[in-house]
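Undergrad: Add chain B to chain A, keeping to what the hints say.
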Amino acid sequence: DTAVSQTPKYLVTQMGNDKSIKCEQNLGHDTMYWYKQDSKKFLKIMFSYNNKELIINETVPNRFSPKSPDKAHLNLHINSLELGDSAVYFCASSPHRVGTPTDTQYFGPGTRLTVL
Amino acid sequence: DQQVKQNSPSLSVQEGRISILNCDYTNSMFDYFLWYKKYPAEGPTFLISISSIKDKNEDGRFTVFLNKSAKHLSLHIVPSQPGDSAVYFCAASRGGTYKYIFGTGTRLKVLA
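Here the protein sequences line up with chains A and B, keeping their order. This note's numbering puts the first residue of the first sequence at 3, with every later residue one more than the last. This note's numbering puts the first residue of the second sequence at 2, with every later residue one more than the last.
Just chain A, with the same shape it has in the complex:
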């Protein structure tokens, strides 16, 4: 009965390929996020969606394209994968609007992407 789920859990692929990571939340939240945790363990926000609408794009290359078919899903599609894209990607959701000062976010288990 996972609140925020991501698939796949592990993804190994060649440079230049296109891949997608899916995220679903069953919490009824309006806001969803994608984070990237790099090799130095920094967890950085990439995108935020509120009710299927893109709110934040944190200077991420346009090879990364989030898609929200409905407010329970936020998928991340990555074109022309590069070595530097190797990281753990976390999806998160929140009951609050983006920018709420006392927000609490609920994270998925992460997807470890390895680009060879």
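Hint data in this document are derived by calculation from the structure and do not stem from the laboratory. By construction, the Cβ of each residue, glycine as well, lies at the ideal position given by its N, Cα and C atoms. Treat the hints with care, as some may be off.
[Unchecked claim] Calculated lysine to any residue pairs in the SDA-like style (CA-CA distance at most 25 Å, straight line):
id: 1; chain 1: A; residue 1: LYS43; chain 2: B; residue 2: ASN23
id: 2; chain 1: A; residue 1: LYS42; chain 2: B; residue 2: ILE21
id: 3; chain 1: A; residue 1: LYS38; chain 2: B; residue 2: GLU43
id: 4; chain 1: B; residue 1: LYS72; chain 2: B; residue 2: ARG62
id: 5; chain 1: B; residue 1: LYS100; chain 2: A; residue 2: VAL14
id: 6; chain 1: B; residue 1: LYS100; chain 2: A; residue 2: ASN52
id: 7; chain 1: B; residue 1: LYS100; chain 2: A; residue 2: PRO63
id: 8; chain 1: A; residue 1: LYS73; chain 2: A; residue 2: SER41
id: 9; chain 1: A; residue 1: LYS11; chain 2: B; residue 2: TYR40
id: 10; chain 1: A; residue 1: LYS46; chain 2: B; residue 2: ARG108
id: 11; chain 1: B; residue 1: LYS57; chain 2: B; residue 2: VAL88
id: 12; chain 1: B; residue 1: LYS6; chain 2: B; residue 2: ASN58
id: 13; chain 1: B; residue 1: LYS100; chain 2: A; residue 2: GLY86
id: 14; chain 1: A; residue 1: LYS38; chain 2: A; residue 2: ASP20
id: 15; chain 1: A; residue 1: LYS43; chain 2: B; residue 2: LEU12
id: 16; chain 1: A; residue 1: LYS11; chain 2: A; residue 2: ASN77
id: 17; chain 1: A; residue 1: LYS46; chain 2: A; residue 2: VAL90
id: 18; chain 1: B; residue 1: LYS72; chain 2: A; residue 2: VAL90
id: 19; chain 1: A; residue 1: LYS38; chain 2: A; residue 2: HIS98
id: 20; chain 1: B; residue 1: LYS100; chain 2: A; residue 2: SER41
[As the list claims (entries may be wrong)] Rough simulated footprint, nothing fancy, chain B against chain A, three-plus residues with beta-carbon under 8 Å:
id: 21; region: 36-47
id: 22; region: 106-117
TA: Just chain B now, kept in the frame of chain A:
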């Protein structure tokens, strides 16, 4: 630009003793701070938070202290239990913005 720093990558504590995890920040505009706990192969889970109008917030065995003048917060776990073994991230945000800035985490190991 590492605005939130957790300078201890790891910490070991005996079961029953106090665990103290530290976090420093550089941006004086931060006004809300959170601690997240992360087990292997799972996403971070919210643990406790504190607003800058307070200097202490307590929830069961977990207490967060905020020292605004020193730009320092700490998480105290008393008594520590083996199940507390995890990576702990602190995060900070500035009111009205969407952005949480996370530290790099401290791995806590509670020894039975």
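Undergrad: Compare the structure with each hint and give your call.
TA: How the hints compare with the structure:
1. Taken as a hint, the LYS43 of chain A and ASN23 of chain B pair is honoured in the structure, with Cα atoms around 17 Å apart against an allowance of 25 Å.
2. For the given pair, LYS42 of chain A sits about 23 Å from ILE21 of chain B by alpha-carbon distance, which is consistent with the 25 Å threshold.
3. Annotation: proposed proximity of LYS38 of chain A to GLU43 of chain B holds, straight-line Cα distance about 14 Å (limit 25 Å).
4. About 23 Å separates the Cα atoms of LYS72 of chain B and ARG62 of chain B, which keeps this hinted pair within 25 Å; it holds.
5. Only pairs whose Cα atoms come within 25 Å are accepted, and LYS100 of chain B paired with VAL14 of chain A is rejected, the gap being roughly 29 Å.
6. Using a Cα cut-off of 25 Å, the hinted pair LYS100 of chain B and ASN52 of chain A holds, with the two alpha carbons roughly 14 Å apart.
7. Distance hint between LYS100 of chain B and PRO63 of chain A is fulfilled; the C-alpha atoms sit about 18 Å from each other, no more than 25 Å.
8. The suggested pairing of LYS73 of chain A with SER41 of chain A is violated, with an alpha-carbon distance near 30 Å, which exceeds 25 Å.
9. Between the alpha carbons of LYS11 of chain A and TYR40 of chain B the distance comes to roughly 15 Å, so the proposed pair stays at or under 25 Å and holds.
10. In summary, the hint linking LYS46 of chain A to ARG108 of chain B is supported, as the alpha carbons are separated by about 19 Å, within the 25 Å threshold.
11. Restraint check for LYS57 of chain B and VAL88 of chain B: satisfied, since their Cα atoms lie roughly 22 Å apart, inside the 25 Å limit.
12. Only pairs whose Cα atoms come within 25 Å are accepted, and LYS6 of chain B paired with ASN58 of chain B is accepted, the gap being roughly 20 Å.
13. Restraint check for LYS100 of chain B and GLY86 of chain A: the C-alpha separation of about 23 Å stays at or below 25 Å, so the hint holds.
14. Pair hint LYS38 of chain A plus ASP20 of chain A holds up; C-alpha atoms about 17 Å apart against a cutoff of 25 Å.
15. Taking the CA atoms of LYS43 of chain A and LEU12 of chain B, the gap is about 17 Å. The hint holds against a cut of 25 Å.
16. Between LYS11 of chain A and ASN77 of chain A the alpha-carbon distance is near 14 Å, which keeps this suggested pair within the 25 Å criterion.
17. Restraint check for LYS46 of chain A and VAL90 of chain A: the C-alpha separation of about 11 Å stays at or below 25 Å, so the hint holds.
18. At roughly 29 Å between alpha-carbon atoms, LYS72 of chain B and VAL90 of chain A are farther apart than 25 Å, so this suggested pair is violated.
19. Taking the CA atoms of LYS38 of chain A and HIS98 of chain A, the gap is about 21 Å. The hint holds against a cut of 25 Å.
20. With a CA separation close to 21 Å, the supplied pair LYS100 of chain B and SER41 of chain A stays within the 25 Å bound.
21. Counting residues of the region 36-47 of chain A whose beta-carbon sits less than 8 Å from any beta-carbon of chain B gives 6, enough to reach three: the coverage restraint holds.
22. Closer than 8 Å: that is the beta-carbon criterion, and the region 106-117 of chain A has 7 residues meeting it against chain B, so the requirement of 3 holds.
Going down the numbered hints, you'll see the structure goes against 5, 8 and 18, while the others check out.
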